[in-house]
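Please build the complete structure, drawing on both the sequences and the hints.
Line by line, the protein sequences are chains A and B.
The numbering used here applies: residue 1 is where the first sequence begins, and numbers increase by one.
The numbering used here applies: residue 1001 is where the second sequence begins, and numbers increase by one.
Rather than coming from a laboratory, the hints here were simulated on the basis of the structure.
Treat the hints loosely; a few may be bogus.
[Said to hold, decoys possible] Short, incomplete list of chain B residues facing chain A, as computed with Cβ under 10 Å: (1) Ser1033; (2) Pro1073; (3) Pro1120; (4) Ser1124; (5) Ser1128.
[Stated by the list, open to error] Here are some of the chain B residues that sit facing chain A, going by a computed Cβ distance under 7 Å: (6) Ile1034; (7) Leu1040; (8) Glu1044.
The structure displayed is predicted, hence computed values, not measured ones.
Backbone N, C-alpha and C define an ideal beta-carbon position, used for all residues, glycine too.
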Amino acid sequence: MKKAVVYVKKPSAASKALQEVRRTLLPIIVGSAVHELNQPLTMLNIVSDTLRLLAEQQTTTTEELGELAAETASGAKRFQSIVEQLRELSLDDEQIKHININEAVSECVRLVASKMRGLGCQIKLMLKATAPIVLCSSVKLSYLIFGALFYVCDMPNSENRRPPKHKILFSSARTTNEIVLLCYSVSRLKKAPSLLAKDKVKLLRLVQSLAKELGSRASIVLNKKKQPILEMRLPLHKPSPE
Amino acid sequence: MKNQRAADSPASSENKPQMRILLVDDDKLIQASIAKNLNLYGYEVIVASDGKSALEQYRKKTPDIVLLDINLPDVGGFSVLKAIRKENSAAEVIFITGEGDMNLVIEALRSGVSDFVPKPLSISVLRSVLENAEARLRQKSEKSATVETTTIVDERSAVPIQVRAFGSLELRIQNRVVSEKDWRNFKTIAVFKILLIHHKKIVTLDELIDAVWQGASHRSAEVMVFTAVSFIRRLFEPNLKNGRQSKYVLTHESGYELNLGTSGVDYFYDVEEFERLVRQGRDGSPESYRSAIALYADEFLKNNRADEWSGYLREKLRDSYLNVLQTLADDAFSEKKFEAVSELSRRMLAADSLYEPAYILLIESYLAQRRPRDAKRVLEQCEAAFRKSLNISAPKHIADLLK
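As structure tokens, this is what we get:
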């Protein structure tokens, strides 16, 4: 009789990095997503009450009903998109896909922007890279974007207090072979929050190991004004000639 | 009220003046759906997407109520609130906030926001918040309308604030009776009553939360205490700009203190007056005792018998009242004024049907008047009362009086 052999896949160092990032960031992401869900939920609550009122008054026009249906659909769509994003982030599926980086950044930022705004941070996107397609795991890329954002605005540390008002700039540019993502903070205070503070090192290390896993690199560089910037360089996917 | 506009919506058929609401939210879809819904409820809604246009609209359209999202893309809700308050200290500004923004809510309440609605918005909550705001606006307009007529009365009236707590709570501020419906909700009255019980003493936030919001999460309870205190302050001082400047509800590091001022000059509070008269009576003034028992109309805050926080003072005041009655009845007995003994004893029994000294005084006074039948009847009443309340027979030393 043949013996069944069970192979247990040993988690790679990179998977460990993903697990670690997930453990650190997922609670913040979920908290932000709950905040973001307020909008579609509000819309659905209100539209359903409006429909009830119109039905009671029996004065509804087809046009009005159409508008309300569109609003409901839009609320439901946003709801679905948030839920899907969360589901993806909680899965272990590391399927390699073609991803448009600009879209990925916008989606991630959209999920947490309202919560971050509530904490005093505004996010400004300057996604100028053209055809910024990368071939990588969408889960890891999302975590890399969230990690960069939270690292720059000091999220895990500032969750329970109002951070100094500052703007986070997230930009994308394209070189011949790479997509360059820059993330940095422009504080309204004289002294900008440091990117190199000791308590932030752990998150930076996690972002760097995740970037490495994606075949890219993340590092702190100084711009012309000597401001520290988190720079991530991801390999550009160029479609084959055929 | 500013607006007496004609309206063509269902709510206006009740001849209710149409309220104008300025809705400030940066989400256009949310804006449109809330505006449409509130229109159906008879409100006129103006919208703005950021702080700057909100202020422009406020100046141009002078809305009655402002529904303001805390997080705005430009100047932010707090700056808008500050600017509106600067222009109109009595403006009704309601913050819209996400569930996790509790720190902001607390800060907002401190900055003088009228109320807040949590996100996700539910129409029932939003409507009740708007109705409360309307009630506050009505109060303010009634108050300003009655200022002139009450000025003459105020000059004659020695005290602007009158509080009666024997029986049900009755509050008069500048001769305006604050009835039950004027309160935001029963928990707000409870907060006021607790502050009243500890008049001129500090009540800590934790004490208030334990007494009124037991079981609620500490953070939400904190917000509700702030809301209640803010409401109480505005009840006394409708034009108050900053809560911390309140003359009546003072903020201390450890909690709040209700301070109505100088007794007899700024306010009259029947419980304090009762206690003062009792103290005077102990110094040998039976007249003060009589005035004290005249004040004791009923049990202290009789509607709050079930609330633990009111129990101690109620018992204490009842004991004082019974002691005063007993002292007066003893004096009347020694002076052989049996009718007075009988009346005072009956009042004791009305306050406490198991008060033994009252039965003893009644029986002894009937026996002294050679009315054994009446004395026996009193014993039977005593027996029935003990049987009913404690399921035991009357105390032996009372029964022995008739042997």
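Each hint, compared with the structure:
The criterion of a C-beta within 10 Å of any C-beta in chain A is met by Ser1033 of chain B, whose closest approach is roughly 5 Å, and the hint holds. Residue-level restraint check for Pro1073 of chain B holds (minimum Cβ-Cβ distance to chain A is 7 Å; threshold 10 Å). Annotation: interface hint on Pro1120 of chain B holds; nearest CB of chain A at approximately 4 Å, less than 10 Å. Nearest Cβ of chain A to the Cβ of Ser1124 of chain B: about 8 Å, under the 10 Å cut. The hint holds.
The interface hint given for Ser1128 of chain B is violated, since its Cβ lies 13 Å from the closest Cβ of chain A, which is over the 10 Å cut-off. For Ile1034 of chain B, the interface hint holds, the least distance from its beta-carbon to any beta-carbon of chain A being 6 Å, beneath 7 Å. Checking Leu1040 of chain B against chain A by beta carbon gives a least distance of about 5 Å; that is within 7 Å, so the hint holds. Taking 7 Å as the C-beta contact cut-off toward chain A, the hint placing Glu1044 of chain B at the interface is violated, the least distance being around 16 Å.
Hint compliance for this structure: hints 5 and 8 are broken, all remaining hints hold.
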